[in-house]
Amino acid sequence: MDTTLPIHQNPYDIESIRGDFPILSEKINGHPLAFLDSGASPQKPEAVLQRMEHMYRHEYANVHRGAYTLSQAATDHYENARQTVARYLNAASDEEIIFTRNVTSSINLVAHCYGREFLKSGDEIIITHMEHHANIVPWQLLREAVGIELKVIPIDDAGNLMMDKFEELLSPRTRLVSVTHISNVLGTVLPVKEIIRLAHAHDARVLIDGAQGIMHSRVDVQELDVDFYGFTGHKLYGPSGIGVLYGKRDILNSMPPYEGGGDMIDRVTFEKTTYRETPARFEAGTPAIVEAAGLAAAVEYVESIGIERIAAHEQSLLDYATARLSAIEGLRIYGEAEDKAGVVSFTIEGVHPHDISTIIDSHGVAVRAGHHCAQPLMDRFDLAATARASLGMYNNKSDIDQLVEALEFAKDIFN
Amino acid sequence: MDDMLRELYQEVILDHGKNPRNFRHPEDATCKADGNNPLCGDQLTVYAKVGDDQTIKDVAFEGRGCAISLASASMMTEIASGKSISQVQNLFDLFHKLCTGEEEGMVPDEFADDIEKLRVMSGVRQFPMRVKCATLAWHAIHAAVTGENNASTE
Ligand SMILES: Cc1ncc(COP(=O)(O)O)c(C=O)c1O
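Protein sequence lines, in the order shown, are assigned to chains A and B.
Heads up, the first sequence is in this note's numbering, so the first residue is 17 and it goes up one at a time.
Heads up, the second sequence is in this note's numbering, so the first residue is 4 and it goes up one at a time.
In isolation and in its complexed conformation, chain A is listed as follows:
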């Protein structure tokens, strides 16, 4: 018997988990909500909602400033949240956890502070063909600023990363490899450990965009030996407005600040200012205080169920969804990687993804339609858009059945 699971016991108690998410009892257009857009942002459990409301009602003040009880309490909660995240990622120290706005700002921080400080014209950064715009555009801005070159690892038709091509791209000019952990469109789980090993063998640093990785897999930054790992709080069932950048301490302390302002300084005179060490150096201004506490509550909630068990549940649901969707005539699934997480992108012949999304919404089904902020990937498959059903810990077979039924209705309208 596993006795380390205090709240939810084996087997995976889907009904009790669903009960923890108040929004799941909403009716949408007269139908039960089948929320299949967790890849964009999952719903929030009661534990997070209560934690944040409690803090605003009873424990709120600005942090790192006042010498009074409430300010001390708020500071403690904020710093405890950092420890919770550090523990969850198995970081060597909580100083390696920087709170940002979202993973977009985590990546931009690295591009700005690491990129502009250490990279120069002719240096190369390697990304993949399945990146979110958040892991493309910051490097293009860096390219404009310092003249680095951007190299792209291709993918095969199933959505697997072509590792042999990656090895060919690696060279003494490679300074940074920045790749997604899991594709938000194809669901491909990248072999990040192997990518990191190969990059380090070439003395290159590695940044992982963990926006999707954090919600479908265990992340142990020391075991991965990754240099930077970014994720976004709202995708780990926490609030929006807070993100995380993990970085190895020595690297972070070698980097200049991002924004200047309060909290990040050691001493300010008009002639010269000295900066504090990480993480304070990178957290100028009043941070997302209550969001940090909300994120910590989300992490603890996920831990109480177990990310491995969540992933296993999503995996079996992914198999079910893949089988049911494949049986729909004219439906084509994009992304058939060997290692795949709970994301299914598809098109239906003769029905544009936008029309699919509008029509199935009338049956209570929420999916995303569009380019999913990954236009180069769309171009790779000669697509303007796909519909995407993505899974969270609370989805069940009836959500998939509702989706399939609604898709049949959409086809019916078009025929």
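Nothing false has been slipped in among the hints.
Here are the computed distance ranges between Cβ atoms for each label pair:
| id | chain 1 | residue 1 | chain 2 | residue 2 | range |
| --- | --- | --- | --- | --- | --- |
| 1 | B | F26 | A | A343 | 31 to 39 Å |
| 2 | B | R27 | A | K136 | 46 to 54 Å |
| 3 | B | D56 | A | Q391 | 39 to 47 Å |
| 4 | B | K120 | A | I349 | 38 to 46 Å |
For the record, the hints were derived by calculation from the structure and aren't laboratory data.
Predicted, not measured: the structure shown is a model, and the values here were computed from it.
Think of the CB as a built atom: it goes at the ideal place given N, C-alpha and C, for glycine as much as any other residue.
Since the structure of chain A is already known, use the hints to place chain B with the ligand on it.
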């Protein structure tokens, strides 16, 4: 809800969406503009041939998009052809109001028939997220004939 959907996806719209009229690239076009919907990546290019007398002799388009944007573009090509530039501007204005449900006011006689035809698109009112799909081609024709090269729904 299903009624609102059937109203949006009515026969005429599905037909224009599946078989868009004037879906081509005319060699003798005098102006063109791209219409982009950055939200969804849909993209249309609208071509027009404008005569010396400032009337539009021919309108066509190419590109990809949802049923609503293709149907709207298809209908736009039929209606804008033969109009003057200022008439197209007025029609765009009226059509925009029709899509958002804003008070149209008096429709001038000269546009009464056109607006009657375009009224099939008014189902989009119930779906605010889709209004941009319906107006994309109109943004583009407007940009083309007034000399801008790009139209974005943003
Ligand atoms: C792979 C990936 N990277 C980056 C992002 C951006 O996340 P955020 O908007 O929270 O910064 C997302 C979210 O859509 C994503 O899926």
